[in-house]
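There are 2 protein chains.
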Amino acid sequence: MTVDVACDAESLRPLFEPNAVALVGASPDFTRYGGRVLHFLNGFGFAGPIWPVNPKYSEIGGVECYPTLDALPGSPDHVGIAVAAERVVGVLDECGRLGVKAVTVFTAGFGETGRTEGKDLQDRLVAAARAHGIRLLGPNCNGLINWRNRLSMGASATVLEQAGRPGSIGIVSQSGGLGQVNVMWRALRAGLGVGYQASCGNEADIDVVDVAEFMVEDPEISVVLMAVEGIRDGAKLRRVAEKATRVGKAILMLKLGRSEGGSKAAALHTGSITGADDVHDAALAQMGILRVDDAQHLVHAAMLFQQRRPLTAEGLASISVSGGCLALLADSANRFGLCFPEYSPHTLDALTAIIPDFIAVANPTDLSVEVLGKKNGLARVLDAVSQDPRVGILMPSITMTPQHDLNIYHVAAANCPKPAALIWSGGCTDAPYNETDHMLDGVPVYRDVDSGLRAAGFLVRHRRFLDSHARAMPAQRPPDINPRRARDIVEAASTALGERLSKTVLAVYGLPVTQELLATSADEAVAHFYKIGTPVALKVESADVVHKTDVGGLRLGLSNAREVFRAYQDICDCMAGLPSKPGLDGILVQEMVGPGTELILGCTTDPTYGPVMAIGLGGIFAEFMGKPILRMPPLSVDDARYLMETDPLRKILRGVRGVAGVDLDALADIVVRFSWLVSDLADLVSEIDVNPIIVSSHSMTIVDAFMMRSDG
Amino acid sequence: MTVDVACDAESLRPLFEPNAVALVGASPDFTRYGGRVLHFLNGFGFAGPIWPVNPKYSEIGGVECYPTLDALPGSPDHVGIAVAAERVVGVLDECGRLGVKAVTVFTAGFGETGRTEGKDLQDRLVAAARAHGIRLLGPNCNGLINWRNRLSMGASATVLEQAGRPGSIGIVSQSGGLGQVNVMWRALRAGLGVGYQASCGNEADIDVVDVAEFMVEDPEISVVLMAVEGIRDGAKLRRVAEKATRVGKAILMLKLGRSEGGSKAAALHTGSITGADDVHDAALAQMGILRVDDAQHLVHAAMLFQQRRPLTAEGLASISVSGGCLALLADSANRFGLCFPEYSPHTLDALTAIIPDFIAVANPTDLSVEVLGKKNGLARVLDAVSQDPRVGILMPSITMTPQHDLNIYHVAAANCPKPAALIWSGGCTDAPYNETDHMLDGVPVYRDVDSGLRAAGFLVRHRRFLDSHARAMPAQRPPDINPRRARDIVEAASTALGERLSKTVLAVYGLPVTQELLATSADEAVAHFYKIGTPVALKVESADVVHKTDVGGLRLGLSNAREVFRAYQDICDCMAGLPSKPGLDGILVQEMVGPGTELILGCTTDPTYGPVMAIGLGGIFAEFMGKPILRMPPLSVDDARYLMETDPLRKILRGVRGVAGVDLDALADIVVRFSWLVSDLADLVSEIDVNPIIVSSHSMTIVDAFMMRSDG
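Chains as they are written, first to last, in our numbering: chain A, 23 to 734; chain B, 23 to 734.
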């Protein structure tokens, strides 16, 4: 769905930064939606004019109320609409006449009802917005909040949070409650400053990705938190993620719908079933979007990301006086993909001079009570540790502490040029109830090892993504591939492309298919056998036969002329005996491929992300493969190599029990070529199934393949 | 290490419930350990006499201070000791003379130093305690707190928590900080009442399991939280866990040391490596102890367990006005092994009458704003849902709410006979900052879906364990097994039992080993071949040959007399050609076992839990097995059957790609027999390695085996 006006991120500016706002359906009654929106709009502190519109009132709370939009003293950029569903389109037309640039439609009763009249009404709404060049948030949404200009165009009591101040966090969701309460309000309560928050409701025009893009482009936003129930347009998300990557900005996403995975499973033709949610997992990871499991994880991560301190090393450093806490830190690191590196010699020297000699200096560091008793002991330890070049993140762990020591921890973390936070599970011994899980002047305080280390884990993962992205060569189509030729073959074919035709297409992409020749007589089959020069298989070639084995259309391992001759006749006899009397194009004489590991390459078309390729193990290992590995094509050589380093592929490809490993460079080339095939033919082909490709230390050959056209 | 006095749980009573206490090393100086202990001891409210002991002072804070224990006006049950390490044994002797029953030794400088003098001092300490019949907590510990009688024998400022009140939570750890701060103090701050807390330090006498037992036996303790860095005695833990199971009480454990897994790996002889931590995982699960990942998980779980409400069904019910929160709940359930069952028809009828008809009634339940507007709407929904027999746990999810509605949620959860809690991510719209993550009059309030659902998950897992335990038949040794005969064979053997002798032992346990006969001439080998009646293998039998294949001592797949005859001679020639000139007992003629799935059975001796058996996949599947499945033997038939239902065993045993599955009852019998072998010979044998046993739809045969005596 596109609007005729520019629908770039900049087109959302009038929504968030209007010259003036009007609210159609304004009410003095707080129990009504229009009453609540007006209440918060007036109370939050927006500096521009706020014009209530409702013919029932001449004034609301001492402020003039206008009967219609036409009666306004000016033209507001942004109009909120909280009138009955059937009246909304009319209001939008008024907005168009007035030159309004953006509307927020709170009203429900549109597409979300699932009923025809609701959907029709929503279509009319979008048509009207498009006709007038108006960007539209909603309908059925909870509106937005801009903490910079104190614009609250929504009914959320979360703006009551007095400590709330503008900051660098951007938050977007479809749902109101989730985004405004579980994320925004909790972020505010954690001492974070929020820039923008928006709830997109039905996303009839503006969707969560549009809002994310607006936030990514805003230099004052440090991190974008998305709490979403779905993504309408995976390609758009990819573009926005790429923008974020270019500026090094993190997008974290609570993507709901994991539980749908079971019911709305996407079946690959290979027989491997993969949940739609696995595609999200794979696609988000490939885009560098960090997926989280609970809303609070977004907030905890944002506490660290918004420091905007460069991560110069992956290693974590922590110190504690509690042996138990040290053990807990060491234990937990692995769960979040983190490590506590050994300190560099310089740091060890510095620490050895401060820490009593009966304690082994290590990381995480047993501080010992003795250090706390020494003059500047704690500060010197913190200083030494935070300067270590192997340390990228500083996270001291504190239990009960006097206020004085807490300040030392805090100053060290505040002044550290590296990402730094406190894990403070206890309180102050000399100032009860002083404990916090808030930001303390720019320093995140986590109450638990779990929350702190999880946040650090996201920071490290994001850095790794940015680094690998910076290093990565872009995906490039091998120059010998002629996509036009492949398309011509597919376009000329019937809906289901059989083995031979599918292999022809694969061969155009330089993929290694079996040698095979079509024979129309037993003598010709024998001649082909000599030409191929290895044991062969005979396979019936008929558009009418789908499952060759079931009807006796397949003979394997024929190693001399007599066997080939007899097999040809046997197959012909079997076909002739079939009640369906299939038409016969001939019989394929195909090289037998030696032993090796069976891999499966496939693709599926995901409703969100489009073509998705899959790679998995076939044969007896298929049972253990778990889910196939999914990727959005095309892949670069690096991507393909990385893929093969993923378990359980890695284990098999490197050689099992004395069997030599496969040539990973050659296999990477195959995977890259296949990824281009999937990518280039995405519009034409809905299914590609290479099953199996047999790989060994000395050869890689596609034995069977199948394709289905999109119009099939 | 045992003491001569009774060391049952009851012997810890004087420690927790003394008539009077003395503190040796008492001080008026708060910066000294003895000063802090006295400060909290005096301030916490213990009703019995508190006698400071220190020759330096005649009084401390206006209370008489005694020069020695002998000078006390009475005999205290419990004496705290905070004097220099070298003086502690002398104080213990004084305690003995006075009839003291328990001591807490805070002083460090003992076994934990890792130095000989420290360890010796600790040995002397234990010897003195034993000689005097005194139970000893510590040394190097942070002491204990009894919230019932307000006894604080420790230096922890956590007793400052004014809201702290006695309750049903028991907490034990080695570390002070972890148990007292990360668990106890956080539990208090969450509104939980604690019964006892103890930090066991070096565990020279009393260990964490002893304290856990004391708590399990106390009827007023509802749940035991352990935050431990190690377990000294796995068998004792098992006994205590069984006691807990009998009374239906949960033990939750934060067991640290996961990260050690890598370095201190326990190698099974099979070549499968398993981390020591995996043994903990397996053993704790088998005992029904719930293992958690972070200290806060203990607290969150305790909030729900201490309700002591019966779990009558596994299903969860939740309601919310936020669609996003509903999606989050549904998504998260699976992660914690939970489900939201469909409501029963009666409940659906009741809900349909209250919830507007444009909303589909489901679980979790979309409450809709309309219900909140109806008179008693919310209360009626909560009532209907909580009465549903399919619902075992009630957890409404609240975002922003007026105080009035919060009360309705709270009353419903408080009066529900089922476990019930609130997930409240937001605040009050009409009473800012009223939100909480505390207990509200017996109702847990969780701030996040994660923490609430994780707690519910533990409740369900515990119930499942209790139920399966109640149903389970006890492990019973099959009556045909004669352990004495097996022991005789092992005792008569050399340190390493070769294939033939190992198989003899296995056969005593009714385990199916290959048919095999020893031949000392080529003619005899041929005769044996005819007797066995299938293709055979020839294997050199020599105590001097370990790796038969390497020296040409193995010939496979011999299917006629000529092959057998020649193979016999070949092996003899190979042996004769070896420079080591191995002694030859003969050559084994052994049936060849047909194709099937290779399994491995093994055992290892864990320093904590003793004999641990392992079962895994061999052959080409071994790469995919991941870690072998571990169990403490012996197993019941049910246990063995359950084991085979575990992936990836299940996948293979049920038949892969057209291959018929194996007879699971027969295999379970083998696993049970093997478990008894491991259990019965635990003191004699350190390693048993059955690799492989080949299983198929029609046979199960042990092809090779090896045992190592404990003195090896």
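Each hint should be verified, as a subset may be incorrect.
Note: identical chains are not told apart, hence a pair may lie in one copy or across any two.
Unchecked claim - Mimicking DSBU-like on lysine-lysine, the simulated pairs with C-alpha atoms at most 35 Å apart in a straight line are:
1) Lys-440 with Lys-258
2) Lys-440 with Lys-649
3) Lys-570 with Lys-78
4) Lys-649 with Lys-265
5) Lys-397 with Lys-265
6) Lys-603 with Lys-649
7) Lys-440 with Lys-396
8) Lys-553 with Lys-570
In short, the hints are calculated from the structure, not lab data.
Structure-based check of each hint:
In the homo-oligomer, the alpha carbons of Lys-440 and Lys-258 lie at most 35 Å apart inside one protomer (33 Å), although the nearest pairing across protomers, at 47 Å, exceeds that limit. In this homomeric assembly, Lys-440 and Lys-649 never come within 35 Å of each other (Cα to Cα): the closest approach is 38 Å inside a single copy and 38 Å across copies. Taking the shortest Cα distances, Lys-570 and Lys-78 never come within 35 Å of each other, neither inside one copy (76 Å) nor across copies (99 Å). For the identical chains of this complex, Lys-649 and Lys-265 are intra-copy neighbours only, at 30 Å inside a copy versus 42 Å across copies, given an alpha-carbon limit of 35 Å.
For a Cα distance limit of 35 Å, the shortest separation of Lys-397 from Lys-265 qualifies neither inside one copy, at 49 Å, nor across copies, at 51 Å. Taking identical chains as interchangeable, the C-alpha atoms of Lys-603 and Lys-649 are never at most 35 Å apart, the minima being 40 Å within one chain and 53 Å between chains. Proximity of Lys-440 to Lys-396 under the C-alpha cut-off of 35 Å is restricted to the intra-copy arrangement: shortest distance 26 Å within a copy versus 54 Å between copies. Within a single copy, Lys-553 and Lys-570 get their C-alpha atoms as close as 24 Å, which meets the 35 Å cut-off; across copies the closest is 45 Å, which misses it.
The structure does not agree with the numbered hints 2, 3, 5, 6 stated previously, though it agrees with the rest.
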